[in-house]
Amino acid sequence: MQDIPRDAVLISLCQGCLQLPEYYLGEVGAIGSVRFAENDFISSIQEWSILITSEPLYTMYMPYKESLGDAFIRTICADLVYSKSMSVCRSHKFKEFMEVAYRWLVCGDNAPLGPKYTSRQPQLLRAVHSIFPGHEKAPENSVQTNLDVGSSIHKATHRRSFFITKEGHMGLGPYNTRVGDRICILPGGKMPFVLRKYLHLSPLFYESSDPSIRRQRCNELLGDCYAYGFMDGEIKPWNKMFRPECNITGARTECIWLR
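Here numbering that gives the first Met the number 0 is used: the first residue of the sequence shown is 0, the next is one more, and so on.
In case anyone wonders, no lab produced these hints; they're calculated from the structure. Careful: at least some of the hints might be erroneous.
[What the hints assert, rightly or not] Calculated pairs, DSS-like style, for lysine-lysine (alpha carbon to alpha carbon, straight line, at most 27 Å):
1. 165 to 115
2. 189 to 154
3. 94 to 189
4. 115 to 154
5. 154 to 94
6. 165 to 189
Using the sequences and the hints, build the whole thing.
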């Protein structure tokens, strides 16, 4: 018999359900409003800014080198930068885009997080101070660029839910994402997905006498998501017998049922 490779992934099918490993990244702990229409663009950005600074979860956040402001910008544009004529990879013009995006968000007469709005909303002003400390000292001169910040954020956030996991990570998920949903990576991929416990019990409910196994429920796949900190190959859970290659709080490998 041929030996099974050490990094192989075993998937079984039973009663219309798949049993497969997942690499669990976190559980959704807070949800912002979903942006459906054009006229709720600015209000959504403002609400999400307040959310990440008012939730107790955010104090656990940022196990990475980037600031909270950089992480927020990267999340709401999903790491995809648009110019006037095309989209470009974030890594190509990352530094330029972050500077332009910061000014677009915080500086200027009509900036979503600028004085026009923060002067009337004390809670928003406190949020901006927390996310972008020292923003009031930013120079007023503008940067000449063809990068389109508004279009980048529009495209990334349309019909998407802004979420924060209980482990303190932020992201964008399907519009029907809700508190309690799971963020995970499935075998063979790098893109995180959102899973939800399904009403149906797992097939083992009828086959096992173990109460803990009988209580397991199937999961349904809601869709892919952007999860900051997990998009650039930081985790490769299917190598070396499922051992994570970096230390992420709460991350672990589990076996689940998917219907």
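Hint by hint, which ones does the structure fall short of?
-> 1
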